[in-house]
Amino acid sequence: MEAEKSVGKRHRTKYDAAFRVEAVRRVMQDGQAATRVAQALGMSEALLGRWVCAPPG
Numbered sequence: 001m002e003a004e005k006s007v008g009k010r011h012r013t014k015y016d017a018a019f020r021v022e023a024v025r026r027v028m029q030d031g032q033a034a035t036r037v038a039q040a041l042g043m044s045e046a047l048l049g050r051w052v053c054a055p056p057g
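Note that the working numbering has the sequence shown beginning at 1, numbered continuously upward.
Honestly, the hints are just simulated from the structure, not real lab data. Every value quoted in this text rests on a predicted model; they were computed, and no experiment measured them. All residues carry an ideal CB built from backbone N, CA and C; glycine is no exception. Be aware that a few hints might be false.
Listed next, with one range per pair, are the computed distances between beta-carbon atoms [claimed, not checked]:
1) 10 <-> 30: 30 to 40 Å
2) 10 <-> 31: 30 to 40 Å
3) 11 <-> 39: 30 to 40 Å
4) 46 <-> 22: 16 to 26 Å
5) 14 <-> 49: 23 to 33 Å
6) 13 <-> 53: 12 to 22 Å
7) 29 <-> 50: 17 to 27 Å
8) 16 <-> 49: 31 to 41 Å
9) 31 <-> 11: 28 to 38 Å
10) 39 <-> 16: 11 to 21 Å
11) 13 <-> 36: 12 to 22 Å
Work out the full structure: start from the sequences and follow the hints.
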């Protein structure tokens, strides 16, 4: 799992597919709270919530 920050005005982090799958799995299969998972992974809770509600594809 990797997170990559781009250079520019805003620091927008890009997450690879494996990172996204693992984050969603922790919430959906392991039953962990999205807030706790987002904090542990150093990402936005809102973004994780969007991933959980709208799987890739």
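Checked hints:
1. 10 <-> 30: 30 to 40 Å: Given a distance of about 31 Å, which is inside 30 to 40 Å, the answer is holds.
2. 10 <-> 31: 30 to 40 Å: Holds: the Cβ-Cβ distance is about 33 Å, inside 30 to 40 Å.
3. 11 <-> 39: 30 to 40 Å: Check failed, 18 Å falls outside 30 to 40 Å.
4. 46 <-> 22: 16 to 26 Å: holds, 18 Å
5. 14 <-> 49: 23 to 33 Å: violated, 18 Å
6. 13 <-> 53: 12 to 22 Å: Since the Cβ atoms of residue 13 and residue 53 sit about 19 Å apart, the hinted range of 12 to 22 Å holds.
7. 29 <-> 50: 17 to 27 Å: holds, 18 Å
8. 16 <-> 49: 31 to 41 Å: Violated - the Cβ-Cβ distance for residue 16 and residue 49, about 19 Å, lies outside 31 to 41 Å.
9. 31 <-> 11: 28 to 38 Å: holds, 31 Å
10. 39 <-> 16: 11 to 21 Å: Hint holds: Cβ distance 20 Å, inside 11 to 21 Å.
11. 13 <-> 36: 12 to 22 Å: At roughly 19 Å between Cβ atoms, residue 36 and residue 13 fall inside 12 to 22 Å, so the hint holds.
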